[in-house]
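J.: From just these sequences and the hints, can you work out the full model?
Number of protein chains: 2
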Amino acid sequence: MEVKILTKENLENETIKSKIAALFRQLSPNKQQVDLNEVLDAANCIVLSTCFIDGEVVGIASMANYKVISGNKGWIEDVVVDENYRGKGIGRKLVEKLLAVAQERAYTEVLLFTEAHRNQAIHLYESMGFRKRESSIYVLKR
Amino acid sequence: MEVKILTKENLENETIKSKIAALFRQLSPNKQQVDLNEVLDAANCIVLSTCFIDGEVVGIASMANYKVISGNKGWIEDVVVDENYRGKGIGRKLVEKLLAVAQERAYTEVLLFTEAHRNQAIHLYESMGFRKRESSIYVLKR
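From first to last, the protein sequence lines stand for chains A and L.
Sequential numbering from 1 applies to the first sequence in this note's numbering.
Sequential numbering from 1 applies to the second sequence in this note's numbering.
Bear in mind the hints are in silico, worked out from the structure with no lab data behind them.
Since we're looking at a predicted model, the values are computed, not measured.
Warning: the hint list may mix true and false statements.
Where chains are identical, the list cannot tell them apart; a pair therefore holds if satisfied intra-copy or between any two copies.
No more than 20 Å apart at the CA atoms, straight line, and that leaves these computed lysine-lysine pairs for PhoX-like [unchecked claim]:
#1 K141 to K97
#2 K8 to K88
#3 K141 to K93
#4 K31 to K19
#5 K4 to K132
#6 K88 to K17
T.: And the structure:
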């Protein structure tokens, strides 16, 4: 098992690209995906942690970064582990990789949101030190 | 009253910088602030909407942007109106300015979070079309 930060160069490998797209469909089958070349564009502040087993992508987790007056923040997004590889600690390793980057770059906080019924994910995040914030998210969709 | 997107050039005016810092202290008196020059750095994807009355900054609202696989997202952060100028619709105008940018740049969603007791803010956001998402935020601080 190898967990690494994916770069744009890695996307020249079309198999990796299509495997990541397929993985994401496990999380959100009907959601339109943003093209990975756009996600990994240098002007877009994203880190994509990726887990490989025997050369195959089996999990991904993204972290976006921005600075506002209130802090230098990271948002963890789109964490997904292949359904055939769950329960092996891959989610934790993916997030640990992101947190190492956050530490290195001195983010003041790392945030994520998850639905209340996702007990396993919540258990994982809490075991890594994340704490629930008493705030609600509001969203405006196009 | 003028609501405009602040650029880095505007920060050469030290009065504007110190007024924004003072405004933000009304929101979070004890929070360490990220320097505005860093916030408005070109490599940091932030839009800062600012309201001026008689040449004075009386309100600010930020929006960060990033693309992940699940969307091209904006996060509204650090919305604050000077306590002497509340109840005049300034918050709405600041956020409308950000939403116009989001529309222009084809963000798929604009998000924000707020504490449950902030009824006025919630009422404002709901009146602008924001809807509460049934997710919880988890945060890991340094």
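J.: Now look at each hint and say whether the structure bears it out.
T.: A quick look at each hint next to the structure:
1. K141 to K97: For K141 and K97, only the inter-copy Cα distance (16 Å) is at most 20 Å; the intra-copy one is 30 Å.
2. K8 to K88: neither (27 Å within a copy, 47 Å between copies)
3. K141 to K93: Intra 32 Å, inter 19 Å, cutoff 20 Å: inter-copy only.
4. K31 to K19: Classified as within; 16 Å inside a copy, 42 Å across copies.
5. K4 to K132: neither (28 Å within a copy, 35 Å between copies)
6. K88 to K17: Neither: 23 Å inside a copy, 50 Å across copies.
Hint violations for this structure: numbers 2, 5, 6, all remaining hints satisfied.
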